[in-house]
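Kindly produce the complete structure, drawing on both the sequences and the hints.
Each chain is listed here by its residues.
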Amino acid sequence: MFTGQYDVKTINFGRETEKADLREFLAGEDLSLDGDIDYAVCLFEGDRIIASGCAASNVLKCIAVAAPYQGQQLTNRIMSLLRIRAYHEGFPGLFLFTKDINEAVFRDLGFFPLARAPGVILMEDKEEGWRRYLEELNIPEGERGTSAALVMNCNPFTLGHRYLVEMACRENDRVHLFLVKENLSVFPYDVRLKLVREGTADLDNLSIHEGRDYIISHATFPTYFIKEKKVINESHARIDLDIFSRLIAPELGIVRRYVGEEPYCPVTSLYNRIMEEMLPGRGIEVVTIPRKEAAGGAVSATKVRKALAEEDWDTLEGWVPPTTLRFLQSEDGRRIGNLIRKHQEESE
Amino acid sequence: MKIVKTGMAGSLESSDVLITVDSNAGKGREIDLDSIVQRQYGKQILKVVNNTLDLLSVEDIKVRLEDKGALDCTIRARLEAAVYRAAGSKTYPWEKLS
Chain C
1 MFTGQYDVKT
11 INFGRETEKA
21 DLREFLAGED
31 LSLDGDIDYA
41 VCLFEGDRII
51 ASGCAASNVL
61 KCIAVAAPYQ
71 GQQLTNRIMS
81 LLRIRAYHEG
91 FPGLFLFTKD
101 INEAVFRDLG
111 FFPLARAPGV
121 ILMEDKEEGW
131 RRYLEELNIP
141 EGERGTSAAL
151 VMNCNPFTLG
161 HRYLVEMACR
171 ENDRVHLFLV
181 KENLSVFPYD
191 VRLKLVREGT
201 ADLDNLSIHE
211 GRDYIISHAT
221 FPTYFIKEKK
231 VINESHARID
241 LDIFSRLIAP
251 ELGIVRRYVG
261 EEPYCPVTSL
271 YNRIMEEMLP
281 GRGIEVVTIP
291 RKEAAGGAVS
301 ATKVRKALAE
311 EDWDTLEGWV
321 PPTTLRFLQS
331 EDGRRIGNLI
341 RKHQEESE
Chain E
1001 MKIVKTGMAG
1011 SLESSDVLIT
1021 VDSNAGKGRE
1031 IDLDSIVQRQ
1041 YGKQILKVVN
1051 NTLDLLSVED
1061 IKVRLEDKGA
1071 LDCTIRARLE
1081 AAVYRAAGSK
1091 TYPWEKLS
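Taken in order, these protein sequences are the chains called C and E.
Residue numbering for the first sequence follows this note's numbering, beginning at 1 and increasing consecutively.
Residue numbering for the second sequence follows this note's numbering, beginning at 1001 and increasing consecutively.
In case anyone wonders, no lab produced these hints; they're calculated from the structure.
There may be inaccurate statements among the hints.
What the hints assert, rightly or not - Across the chosen pairs, the derived CB separations fall in these ranges: (1) C:15 to E:1026: 47 to 55 Å; (2) E:1054 to C:142: 24 to 32 Å; (3) C:293 to E:1034: 51 to 59 Å; (4) C:128 to E:1005: 47 to 55 Å; (5) E:1029 to C:142: 37 to 45 Å.
By construction, the Cβ of each residue, glycine as well, lies at the ideal position given by its N, Cα and C atoms.
Below you can see the structure in the form of structure tokens.
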């Protein structure tokens, strides 16, 4: 590949000095090196970075060219490198986060706008890729029409989740539950899905769907998965809710979204606040349900994970449905408990 | 040649083209061209693409070209490379291509 008079180099994230140089360059461009970035390629003049492109698996971001070097199509060069790398990694599709003023630049490079928030835009390498996602959900005609929606991670499924789902199912003819697909939680997606299915088997107006890229994913809402940093990025929440309210909800006839009150986690509570601000104007009512109280206060998945680490079965019995309890007590469940305990010890 | 996976070749540099090919079993050729010189050379580019695919005996394929003004020889070379990668082929029919 022609690289002109500048050197191309990928950043070695194991070396603090290289990372610090990139962080400094991005800061000058009003960008920050998010914790989920796992690849970065830069153009150097001597030992100085003059252009960069980063990726968090299949999400491209932090693409910048220093002002004095613009006008040499260096963005094209960076994008070629990112695209080839994505090809070698075998990603089926790409997303791209950028400032809204750059929309035209990336349209010329094969990306289409997907969602917007003030100042930023999320683009995708195919036009209306979300339509394909909805088609693949394969929702029967009988399950379409006026409905309510819930988006949950269920890490793992608790009586609190059960309470929220039950409430939605009682008050609506049809309820769509989108389960967050990302496998960044301690309970793997397959296990979370199994526990939700088992714990809601008696609710026949409930449809359970895979959340995937367009619903709280590392593409639409990266901050959700780098929670421990306590970085609160309002734009990400707005992007995610823009997709939900403008593209997904109208297709499925969703007019209500149920959400559990969130007094603890700052990221989720900010998300809920923005939901209440954005959705009603777009024809979706937000129904906030207070947490279910049980012995020992409100039920939360965080507390369940902690109790599992301590193998406190008596407490767990009051917080999770029997179906979840059975799994937690199985060999696989105990293994997850050990994992949580190890994490806790490490972070202490 | 049979396309069995995604193949990519080229770049988005000026005078180059980034070509992505994919399988399209039983559905013929699907060519998606996006070029900065579409109006002037769109037909010519499609001709080069089809000729090259004929030479390689590729019947079913999805081709996406993001062209930044590549010359015919470049388009041909990039397409050949993308097809080989997508065919998982290690034996190149050099004589057919010369």
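Now for the hints, and whether the structure bears them out:
no., hint, verdict
1, C:15 to E:1026: 47 to 55 Å, "holds (50 Å)"
2, E:1054 to C:142: 24 to 32 Å, "violated (48 Å)"
3, C:293 to E:1034: 51 to 59 Å, "holds (57 Å)"
4, C:128 to E:1005: 47 to 55 Å, "violated (24 Å)"
5, E:1029 to C:142: 37 to 45 Å, "holds (39 Å)"
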